[in-house]
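A.B. asks: Those protein sequence lines, which keep their order, are chains A and B. If you use numbering that gives the first Met the number 0, the first sequence corresponds to residues 0 to 110, in order. If you use numbering that gives the first Met the number 0, the second sequence corresponds to residues 0 to 153, in order.
It is possible that some hints are incorrect.
Straight line, CA to CA, 25 angstroms or less: simulated DMTMM-like cross-link-like pairs of lysine to aspartate or glutamate [to be verified]:
1) B:LYS2 with A:GLU75
2) A:LYS104 with B:GLU34
3) A:LYS105 with B:GLU34
4) B:LYS69 with B:GLU8
5) B:LYS69 with B:ASP112
6) B:LYS69 with B:GLU106
7) A:LYS48 with A:GLU75
8) A:LYS105 with A:ASP93
9) A:LYS48 with B:GLU81
10) A:LYS90 with B:ASP32
11) B:LYS2 with B:ASP98
12) B:LYS2 with A:GLU89
13) B:LYS6 with A:GLU89
14) B:LYS6 with A:GLU75
15) A:LYS105 with B:GLU106
16) A:LYS48 with A:GLU31
17) A:LYS90 with B:GLU64
18) B:LYS37 with B:ASP10
19) A:LYS105 with A:ASP78
20) B:LYS37 with B:GLU110
21) B:LYS37 with B:ASP126
22) A:LYS48 with A:GLU37
23) A:LYS104 with B:GLU8
24) B:LYS37 with A:ASP96
25) B:LYS37 with B:GLU64
26) A:LYS104 with B:ASP112
27) A:LYS90 with B:GLU106
28) B:LYS6 with A:ASP34
29) A:LYS48 with B:GLU110
30) B:LYS56 with B:GLU127
31) B:LYS37 with B:GLU24
32) B:LYS6 with A:ASP78
33) B:LYS2 with B:ASP112
Heads up, incomplete: computed chain B residues facing chain A, CB under 10 angstroms, no partners named [stated by the list, open to error]:
34) MET3
35) LEU14
36) VAL15
37) ALA25
38) HIS30
Bear in mind the hints are in silico, worked out from the structure with no lab data behind them. Computed from a predicted model, the values in this text were never measured in an experiment. Note that CB positions come from ideal geometry on N, CA and C, so glycine has one too.
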Amino acid sequence: MDGLDAQFAALADPTRRAILARLSLGEATVNELADPFEMSQPAISQHLKVLEAAGLIVRRVDGTRRPRRLSTTGIEAMDQWLAMLRTALEKNYDRLDQVLAATHKKKGEKR
Amino acid sequence: MSKMTLKTEGDTHILVTRRFVATPEAVYRAHTDPELIKQWLLGPPGWSMPVCISEAKPGGRIRYEWSNGKGAGFHLTGEYLELDPSSRIVHVERMYLPDPTPDNHVETTFERDGDGTLMTMRMTLPDEQTRATMLATGMEHGMEASYVRLEEMI
Numbered sequence: 000m001d002g003l004d005a006q007f008a009a010l011a012d013p014t015r016r017a018i019l020a021r022l023s024l025g026e027a028t029v030n031e032l033a034d035p036f037e038m039s040q041p042a043i044s045q046h047l048k049v050l051e052a053a054g055l056i057v058r059r060v061d062g063t064r065r066p067r068r069l070s071t072t073g074i075e076a077m078d079q080w081l082a083m084l085r086t087a088l089e090k091n092y093d094r095l096d097q098v099l100a101a102t103h104k105k106k107g108e109k110r
Numbered sequence: 000m001s002k003m004t005l006k007t008e009g010d011t012h013i014l015v016t017r018r019f020v021a022t023p024e025a026v027y028r029a030h031t032d033p034e035l036i037k038q039w040l041l042g043p044p045g046w047s048m049p050v051c052i053s054e055a056k057p058g059g060r061i062r063y064e065w066s067n068g069k070g071a072g073f074h075l076t077g078e079y080l081e082l083d084p085s086s087r088i089v090h091v092e093r094m095y096l097p098d099p100t101p102d103n104h105v106e107t108t109f110e111r112d113g114d115g116t117l118m119t120m121r122m123t124l125p126d127e128q129t130r131a132t133m134l135a136t137g138m139e140h141g142m143e144a145s146y147v148r149l150e151e152m153i
């Protein structure tokens with residue numbers, strides 16, 4: 000897999016996106032990440048491995064701690080994800096424009 | 000027509016604004032009448048909302064079920080808290096992905112703006128982490144389709 004494929008495969012999983020979202024607020028250790036997600040440490044570690052291999056997160060050595068944070072690529076990937084959310088919402092409202100136009104037309108015909 | 004804006008506010012809010020060429024009455028109705036909601040609150044092409052319950056009264060139930068027609072789907076439940084006909088809706092909602100997400104408290108207002116209506120939707124999440132997670136995982140179906148489209152582009 001090249002870099003982009005690995006990134007998109009990593010982002011396709013909602014838990015991994017949630018982990019990235021948590022890391023967008025600041026670095027965190029496996030323990031700190033496992034807590035809010037109600038997942039076992041091995042399960043979280045597995046997700047972190049995928050994210051790391053895709054270059055979306057990096058780890059730092061701090062004594063016995065290994066806190067993870069978003070890499071520049073990870074930050075860009077999250078920005079892109081938010082842009083897609085925006086697009087999905089915009090599509091809904093474009094459709095609502097059409098619904099409103101049709102409702103308006105119907106009323107006009109009745110008159 | 001003005002474009003939609005989407006921005007975060009403080010630690011726990013998300014603010015969406017959009018202008019429509021219709022009266023506040025019509026835009027309010029499109030947000031509360033199940034027959035109208037089904038026509039637009041869908042996300043990407045190919046998705047539909049086979050179940051839409053919207054009891055537009057204080058304490059009334061909300062339930063939206065989405066399907067892509069190929070076995071994938073998810074749903075949202077909520078309750079209406081306050082309704083000022085044609086001008087304001089306050090409700091709570093949660094998505095099931097499949098576990099319920101923390102409650103999203105939403106206030107939607109409709110104001111006359113020239114010959115149209117300005118809609119402002121203010122979401123309040125319990126904390127910063129929940130908001131970040133909601134933005135990252137929310138609108139799962141919409142994201143999925145966008146993801147597929149992006150894959151095709153690569």
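A.B. asks: Now tell me, hint by hint, if it's right for this structure.
C.D. replies: How the hints compare with the structure:
For the given pair, B:LYS2 sits about 23 angstroms from A:GLU75 by alpha-carbon distance, which is consistent with the 25 angstroms threshold. The straight-line distance between the Cα atoms of A:LYS104 and B:GLU34 is roughly 17 angstroms, inside the 25 angstroms bound, and the hint therefore holds. This hinted pair checks out: A:LYS105 and B:GLU34 have alpha carbons roughly 15 angstroms apart, not beyond 25 angstroms. Restraint check for B:LYS69 and B:GLU8: the C-alpha separation of about 37 angstroms exceeds 25 angstroms, so the hint is violated.
Restraint check: the Cα-Cα separation between B:LYS69 and B:ASP112 comes to about 41 angstroms, which exceeds 25 angstroms; the hinted pair is violated. As the CA atoms of B:LYS69 and B:GLU106 are separated by approximately 33 angstroms, the hinted pair breaks the 25 angstroms bound. Between the alpha carbons of A:LYS48 and A:GLU75 the distance comes to roughly 19 angstroms, so the proposed pair stays at or under 25 angstroms and holds. Distance hint between A:LYS105 and A:ASP93 is fulfilled; the C-alpha atoms sit about 19 angstroms from each other, no more than 25 angstroms.
A C-alpha spacing of about 46 angstroms is found between A:LYS48 and B:GLU81, which places the hinted pair above 25 angstroms, so the restraint is violated. For the hint pairing A:LYS90 with B:ASP32, the CA-to-CA distance comes to about 19 angstroms; that is within 25 angstroms, so the pair holds. A threshold of 25 angstroms between alpha carbons decides the hint, and for B:LYS2 with B:ASP98 the separation of about 33 angstroms lies outside it, so the pair is violated. Taken as a hint, the B:LYS2 and A:GLU89 pair is honoured in the structure, with Cα atoms around 8 angstroms apart against an allowance of 25 angstroms.
A threshold of 25 angstroms between alpha carbons decides the hint, and for B:LYS6 with A:GLU89 the separation of about 14 angstroms falls inside it, so the pair holds. Only pairs whose Cα atoms come within 25 angstroms are accepted, and B:LYS6 paired with A:GLU75 is accepted, the gap being roughly 17 angstroms. A hinted pair counts as satisfied when its Cα atoms are at most 25 angstroms apart, and A:LYS105 with B:GLU106 does not qualify at roughly 29 angstroms. Of the pairs offered as hints, the one joining A:LYS48 and A:GLU31 holds, with about 16 angstroms between alpha carbons and a cut-off of 25 angstroms not exceeded.
The straight-line distance between the Cα atoms of A:LYS90 and B:GLU64 is roughly 18 angstroms, inside the 25 angstroms bound, and the hint therefore holds. Between the alpha carbons of B:LYS37 and B:ASP10 the distance comes to roughly 32 angstroms, so the proposed pair goes past 25 angstroms and is violated. Taking the CA atoms of A:LYS105 and A:ASP78, the gap is near 41 angstroms; set against the 25 angstroms cutoff, the hint is violated. Restraint check for B:LYS37 and B:GLU110: the C-alpha separation of about 23 angstroms stays at or below 25 angstroms, so the hint holds.
Between B:LYS37 and B:ASP126 the CA atoms are separated by roughly 30 angstroms; this puts the pair beyond 25 angstroms, and the hint is violated. For the given pair, A:LYS48 sits about 18 angstroms from A:GLU37 by alpha-carbon distance, which is consistent with the 25 angstroms threshold. A C-alpha spacing of about 37 angstroms is found between A:LYS104 and B:GLU8, which places the hinted pair above 25 angstroms, so the restraint is violated. Taking the CA atoms of B:LYS37 and A:ASP96, the gap is near 14 angstroms; set against the 25 angstroms cutoff, the hint holds.
Our distance criterion of 25 angstroms between C-alpha atoms is met by B:LYS37 and B:GLU64, whose separation comes to about 10 angstroms. Taking the CA atoms of A:LYS104 and B:ASP112, the gap is about 20 angstroms. The hint holds against a cut of 25 angstroms. With a C-alpha separation of about 21 angstroms, the suggested pair A:LYS90 and B:GLU106 falls inside the 25 angstroms cut-off, and the hint holds. Taking the CA atoms of B:LYS6 and A:ASP34, the gap is about 28 angstroms. The hint is violated against a cut of 25 angstroms.
For a cut-off of 25 angstroms, the pair hint linking A:LYS48 to B:GLU110 is broken: about 49 angstroms separates their Cα positions. For the hint pairing B:LYS56 with B:GLU127, the CA-to-CA distance comes to about 30 angstroms; that exceeds 25 angstroms, so the pair is violated. This hinted pair checks out: B:LYS37 and B:GLU24 have alpha carbons roughly 18 angstroms apart, not beyond 25 angstroms. Distance check on the hinted pair: B:LYS6 and A:ASP78 sit about 13 angstroms apart at the alpha-carbon level, within 25 angstroms; holds.
Proposed proximity of B:LYS2 and B:ASP112 is supported: the alpha carbons are some 14 angstroms apart, at most 25 angstroms. Satisfaction of the interface hint for B:MET3 is found here, the shortest Cβ-Cβ separation to chain A being roughly 5 angstroms, below the 10 angstroms cut-off. Here the hint on B:LEU14 is broken, as its CB sits about 12 angstroms from the closest CB of chain A, past 10 angstroms. With a least beta-carbon distance of about 7 angstroms to chain A, the hint placing B:VAL15 at the interface is held under the 10 angstroms criterion.
With a least beta-carbon distance of about 6 angstroms to chain A, the hint placing B:ALA25 at the interface is held under the 10 angstroms criterion. This hint holds: B:HIS30 has a C-beta 9 angstroms from the nearest C-beta of chain A, less than the 10 angstroms allowed.
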